[in-house]
Amino acid sequence: MPEPLDAVTPAVARTPMSPAEVNAPPTVGVEEEFVLAERHTRAAVFRAPSVVRAAGGHLGASHVTAEVSQAQLETVSAVCRTAAELEAEIVRLRRGAATAAAEYDCLLVPTGTPVLGRPGPPPVVDKPRYLAFARRFGPLIQDQGVNACHVHVGVADREEAVQAVNHLRGWMPLLLAVTGNSPFSDGSDTGYASWRSMVWNRWPSAGPPPYLRGVAHYERIVAQLVATGALMDPAMTYWHVRPSPHLPTIEVRVADVLPDAATTTAYALLVRALVSGAVDAVRAGEPAPDIPDPLLRAACWQAARHGTSGTLPATHTPDCAPTAVGRLVEELWKRVEPQLSGYGDDRCVGDWLSDVQHRGSGSSRQRRVAEQHGGCLRAVVDALAVEPA
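Plus 10 on top of the position in the sequence shown (first one is 1) and you've got our numbering.
Heads up, some of the hints might be wrong.
Stated by the list, open to error - Pairs of lysine to any residue, SDA-like flavour, derived with a Cα cap of 20 Å: (1) Lys-344 - Pro-297; (2) Lys-344 - Ser-364; (3) Lys-137 - Asp-243; (4) Lys-137 - Leu-150.
What the hints contain is simulated information worked out from the structure, not anything from laboratory work.
With the sequences and hints as input, model every part of the structure.
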């Protein structure tokens with residue numbers, strides 16, 4: 011639940027663009043949340059205040075922040091244009107945060123839920139916003155130390171951003187399926203590919219966004235949610251994809267934090283291509299399928315439960331026919347390949363999607379490590395832990 015952070019503001023959002031920038035790829039930025047695990051037990055540990063301060067010294071205060079649980083840390087990237095810039099930034103942030111964690115005898119672990127131990131009950135991070143969460147939502151805040159990957163893609167026009175969300179919402183179940191990375195929680199296999207998304211969905215505003223008729227409709231829905239008390243403020247619209255409430259971006263929030271920097275980079279580039287294609291569809295007057303909210307929610311549950319195995323409703327199409335995940339990945343590729351090729355990102359993203367089709371997502375990787383080590387979940391933590399700089 012990040013607070014507004016200007017670090018991901020596109021540098022050209024409010025200034026005239028040069029001719030070269032007109033044809034440049036949209037800006038992209040990434041926020042990643044991590045578990046802090048005690049080095050010896052590998053269980054979640056409440057040392058975020060100290061680790062965040064140290065990480066701020068290594069990385070810059072604008073690039074690292076606390077989250078709601080004191081067993082979490084979040085990094086915030088600079089604005090990037092190229093795949094090389096983005097991967098270098100993600101590596102820098104992960105290694106710097108891991109170095110700070112090591113100074114306090116912790117591991118920085120990219121998994122959607124703690125493999126061992128629990129991220130709550132609180133202590134909640136001592137910020138007015140998070141303390142207000144605890145007062146208003148009570149026990150709902152228990153175990154909310156879950157870790158996502160949020161991708162921001164620059165879209166300066168607010169109306170285009172709102173309309174593009176309609177084209178993107180149907181792809182969210184598939185994105186969730188290929189990014190599940192939280193099968194274990196508190197020492198047990200949950201049976202889900204993304205247990206994080208199940209925990210997160212307890213919030214009243216979490217899940218798929220509604221079909222939005224325009225900026226006025228979007229603002230009216232958000233205002234009504236705030237008025238009911240379901241939201242404290244517009245920043246609490248925790249939809250899988252949304253117009254950012256404080257930046258000129260579209261923010262895709264559906265994924266678990268991913269296991270390594272290369273995977274995060276490929277996923278972010280895929281999201282950028284998908285957002286760019288959605289904006290193109292809006293400009294071309296292409297209608298977005300108005301998929302019923304209950305069907306989208308059901309598809310997201312299936313994605314969280316089964317990951318890349320089985321089938322999902324094809325919620326990017328009006329008929330929503332049950333389709334194998336592998337086939338949906340092929341359809342997604344057809345949708346984004348023109349943008350990926352134009353930006354030079356097709357090889358990076360294609361290799362990752364091919365690997366997902368053959369070997370599954372991060373959740374499959376975690377389970378393979380556990381199986382290889384006779385069910386030892388400490389080995390899973392060790393396999394995930396980021397190496398310090």
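Cross-check of the supplied hints:
{"no.": "1", "hint": "Lys-344 - Pro-297", "verdict": "18 Å, holds"}
{"no.": "2", "hint": "Lys-344 - Ser-364", "verdict": "14 Å, holds"}
{"no.": "3", "hint": "Lys-137 - Asp-243", "verdict": "16 Å, holds"}
{"no.": "4", "hint": "Lys-137 - Leu-150", "verdict": "18 Å, holds"}
Checked against the numbered hints given earlier, the structure satisfies every one of them.
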